[in-house]
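Residue numbers (the working numbering), protein chains in the order written: chain A, 2 to 357; chain B, 2 to 357.
Don't read these hints as lab results, they were simulated from the structure.
Please note that a few of the clues may not be correct.
Identical chains blur together in the list; that is why a pair holds if it fits in one copy or across any two.
In silico DMTMM-like links for lysine to aspartate or glutamate, alpha-carbon gap of 25 Å or less [to be verified]:
1) K132 - E100
2) K322 - E162
3) K322 - D159
4) K322 - D163
5) K132 - D89
6) K322 - E222
7) K137 - E51
8) K20 - E40
9) K20 - E145
Number of protein chains: 2
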Amino acid sequence: MRCELLSDEEFFCVHKIMKTLEWKDNRLRLLDQTQLPHEEVYLELGSYQEVASAIREMRVRGAPALGVAAAYGLALGARSIKAASKEDFLDQLARVADELAATRPTAVNLSWALTRMKRIAAVASNIPSIKAVLLKEAQLIEAEDVEANRRLGRLGSDLVEDGATILTHCNAGSLATAGYGTALGVIRAAWEQGKRVHVFVPETRPLLQGARLTAWELSQEGIPVTLITDSMAGHFLSRGAIDCVIVGADRIARNGDVANKIGTYTQAVLAAESGVPFYVAAPTSTVDLALASGEEIPIEERRPEEVTHFAGRAIAPNGIKAANPAFDVTPHQYITAIITEKGVVREPYAERLPKL
Amino acid sequence: MRCELLSDEEFFCVHKIMKTLEWKDNRLRLLDQTQLPHEEVYLELGSYQEVASAIREMRVRGAPALGVAAAYGLALGARSIKAASKEDFLDQLARVADELAATRPTAVNLSWALTRMKRIAAVASNIPSIKAVLLKEAQLIEAEDVEANRRLGRLGSDLVEDGATILTHCNAGSLATAGYGTALGVIRAAWEQGKRVHVFVPETRPLLQGARLTAWELSQEGIPVTLITDSMAGHFLSRGAIDCVIVGADRIARNGDVANKIGTYTQAVLAAESGVPFYVAAPTSTVDLALASGEEIPIEERRPEEVTHFAGRAIAPNGIKAANPAFDVTPHQYITAIITEKGVVREPYAERLPKL
Numbered sequence: 002m003r004c005e006l007l008s009d010e011e012f013f014c015v016h017k018i019m020k021t022l023e024w025k026d027n028r029l030r031l032l033d034q035t036q037l038p039h040e041e042v043y044l045e046l047g048s049y050q051e052v053a054s055a056i057r058e059m060r061v062r063g064a065p066a067l068g069v070a071a072a073y074g075l076a077l078g079a080r081s082i083k084a085a086s087k088e089d090f091l092d093q094l095a096r097v098a099d100e101l102a103a104t105r106p107t108a109v110n111l112s113w114a115l116t117r118m119k120r121i122a123a124v125a126s127n128i129p130s131i132k133a134v135l136l137k138e139a140q141l142i143e144a145e146d147v148e149a150n151r152r153l154g155r156l157g158s159d160l161v162e163d164g165a166t167i168l169t170h171c172n173a174g175s176l177a178t179a180g181y182g183t184a185l186g187v188i189r190a191a192w193e194q195g196k197r198v199h200v201f202v203p204e205t206r207p208l209l210q211g212a213r214l215t216a217w218e219l220s221q222e223g224i225p226v227t228l229i230t231d232s233m234a235g236h237f238l239s240r241g242a243i244d245c246v247i248v249g250a251d252r253i254a255r256n257g258d259v260a261n262k263i264g265t266y267t268q269a270v271l272a273a274e275s276g277v278p279f280y281v282a283a284p285t286s287t288v289d290l291a292l293a294s295g296e297e298i299p300i301e302e303r304r305p306e307e308v309t310h311f312a313g314r315a316i317a318p319n320g321i322k323a324a325n326p327a328f329d330v331t332p333h334q335y336i337t338a339i340i341t342e343k344g345v346v347r348e349p350y351a352e353r354l355p356k357l
Numbered sequence: 002m003r004c005e006l007l008s009d010e011e012f013f014c015v016h017k018i019m020k021t022l023e024w025k026d027n028r029l030r031l032l033d034q035t036q037l038p039h040e041e042v043y044l045e046l047g048s049y050q051e052v053a054s055a056i057r058e059m060r061v062r063g064a065p066a067l068g069v070a071a072a073y074g075l076a077l078g079a080r081s082i083k084a085a086s087k088e089d090f091l092d093q094l095a096r097v098a099d100e101l102a103a104t105r106p107t108a109v110n111l112s113w114a115l116t117r118m119k120r121i122a123a124v125a126s127n128i129p130s131i132k133a134v135l136l137k138e139a140q141l142i143e144a145e146d147v148e149a150n151r152r153l154g155r156l157g158s159d160l161v162e163d164g165a166t167i168l169t170h171c172n173a174g175s176l177a178t179a180g181y182g183t184a185l186g187v188i189r190a191a192w193e194q195g196k197r198v199h200v201f202v203p204e205t206r207p208l209l210q211g212a213r214l215t216a217w218e219l220s221q222e223g224i225p226v227t228l229i230t231d232s233m234a235g236h237f238l239s240r241g242a243i244d245c246v247i248v249g250a251d252r253i254a255r256n257g258d259v260a261n262k263i264g265t266y267t268q269a270v271l272a273a274e275s276g277v278p279f280y281v282a283a284p285t286s287t288v289d290l291a292l293a294s295g296e297e298i299p300i301e302e303r304r305p306e307e308v309t310h311f312a313g314r315a316i317a318p319n320g321i322k323a324a325n326p327a328f329d330v331t332p333h334q335y336i337t338a339i340i341t342e343k344g345v346v347r348e349p350y351a352e353r354l355p356k357l
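Make a model of the complete structure from these sequences and hints.
Spelled out as C-alpha cells, the structure:
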C-alpha cells in the first residue's frame, strides 16, 4: 500500500485511525486522549479558552499536534475579538497567542505555530481578512504536518531492517500529530513496505501514553506489540532483544540535544551501553535553532498527584511529596540520527540542523 | 539512639514499624503487604500450603523475608507430616521444601533457608525432635536476619555522608526482611546517627513496592522522601541531584553480579554514566557462591496482567501482549561496593565474596 496515493480521508479509513483533531462546522473537533483506549470521546471546542484547557489537561498532546491545536485555537480566538482598528486587533490577538503558548512550556511547536499565525495576520489588509487567513493558515499547518510525517516516515524507514524489534517511548504516533506520526510514522512506513517489525512499548508513567495510546494505535494496524513497564527497557536492551530505538521529540536545540517525554534520556543511555542505535523522529517545526543547547529548554513540572495517584486512587501514603518533571533532555552525543521530513541528520548537528 | 541497646520489641515500638512476620500461637503471623499502605491486615497461616500461597501472591516479599517465611513454612509442614520412620519423614519433608522453594525462583534466600532447615532435620534423633528443632531453627534464622541487617546497616552507613540525597529502588526495608532492612537499613542507620538524608523513591512498577512500601516505611520514621516514577531516576542523576544509589539484592553470584527487582540494572548504568556510586546491601545469605555469574540466575516471569493492569484496572487495550520479568541482572562492574553484615566488599568480587 502506498500512502501517498491516498487522500487524507482514504488514509484514515484504511488505517482505521481516529483523527486526532479536525476543523468541522466552525469548531475544533478533538479526540479526548485522556479517555483512550477505553472510550472514544470527541470534544467540540468553540473558543480559544476551551482549546487552552484541552491542551493543559492533555486531552490533546504530542508536540506536532499541540502546534496544530494552538493554531486552530488562535483562529477561534480571532473570531471572538472585537476591535476598532487592525492594530488593536493584533494586540488582542497577541494576548490570546500568549495565553495559548503558556499552556505547556516544553514543546516548541506551540510557539512555532503561533508565531507563524501572528506573522500571517500582520500582513492581511483588514480584520475580516485576518480572520479568514488565520483559519486557512491553521488548516495549512495541519496539512503540512501530515505531509511532513509521511515524508520523514519514508526517509526513516530505510533505517529499519526487515525483522527488526524496535523500542519506542510514550506516543509519537498519529495521536501526537495531525496524522501518521513521527516515531510511529517511521515504524508504520516500514510496516507498509512489508517489513516485519515488532515494537516494545514502555507504558510511560505517569500518564501511560505508551500503554493507552501507542499500544492501541499499533494494534489497530496489526503491528505486533509487547507492552513493558518503563523499568524493563534496560533489561531487554542488555539481552540483545532490541535492534533500534525510535522516539519523538518535543524540542530539539541547535546542537541536537532533544527534550522528550521523561524517560527518553534513560533509554538513550541504555541504548548506547548496549550498542543499539537511538533515533529521534521529528518534523523540522520541532527544531528550535534559537537555543544553543538542551540546557536552555524549559522543563514542565506537572502536578504531583499524577505520580501519587492512579485513575483517582492514591498509590502512596497520604501527604507524600512527589516530583513530576514531564520531560528530560537527551544530550546529542547519545543520538545516532535525527529523522526529519527534510532528511536524516547525523553529527555534527550544530552544523547540519541549521542547514535543513 | 543506639539500636543495639534495644530488644526487638523495644526496637519495633520505637521505630513504629509493623513486624513483617512473627511466630505466634503456633502460626505464622504475616503482614499482608499487598494491602499496604492503605490497610494493615495480618494473615494467620497454619499450614505450609498457606505460606506457599502467600509467597506466590507476594503478600510477603523481599529476599531475606522470603527465607524466613519459607523456614516457618517448613516448620509448619513438618507438623502435618505423618510418617512411620525418620527416613520416610525426611522424604516427605524434602517434598514440602521443594514445593516452598518453587514458589519464587530468583531470590536465593528461599533455597538457602530450606537447605539449612533440612540439614538440621537430618541430624535430629527422632520425629518429635525434628519438629522441635525445625521451629527453633526458623526462629534462629529470623533473629539472625534482623541482627545481620543491623550490622550491615551500621557498616554501610559510613558510606553515607551527612546531607546526602539517596536513590533506592523497590523495597529493601524492614518489610523485605525480618526487620530493619538492607538498603533501607543502611539509610536508617545513617539517619539514627543524625545524618540528614533525603531519599528518592521510584514507585517500582508493576507492583509499586516503592510507592506503597518504601515511601510508607521511610515516612513512618520521618525520613524525607520524594516519590518519582521509575523513568525519572535518570533525569535526577544526570542533573547532579543524587549522591549515591543503594539497593537490595535477590541473589548475588560469586563474581558480584546482582539479581534484583526489574529496573535495578537501569539505575546502575545511569549511576555509572553520572559518576554516582552504586551500592548493593544484602546479608551473606543472599550470596550464591554456587553460581559463577549472573547469567546463571533464573529470572522469574510473572503474569502479564500485572503490567496490563494498574491497581486492578486495565490500562491497555484488551488482548495486548505484555512481558513481565520480575528481576534483572546488574553486572558486577557497575557495582561500587556490596555491603554485607561481614564487611563492605569491593572488586575483585570473585576473590573477595568467597572469603566472607
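> Are there hints from earlier that the structure breaks, and if so, what are their numbers?
Replying inline: Number 3 - this is the single hint that the structure violates.
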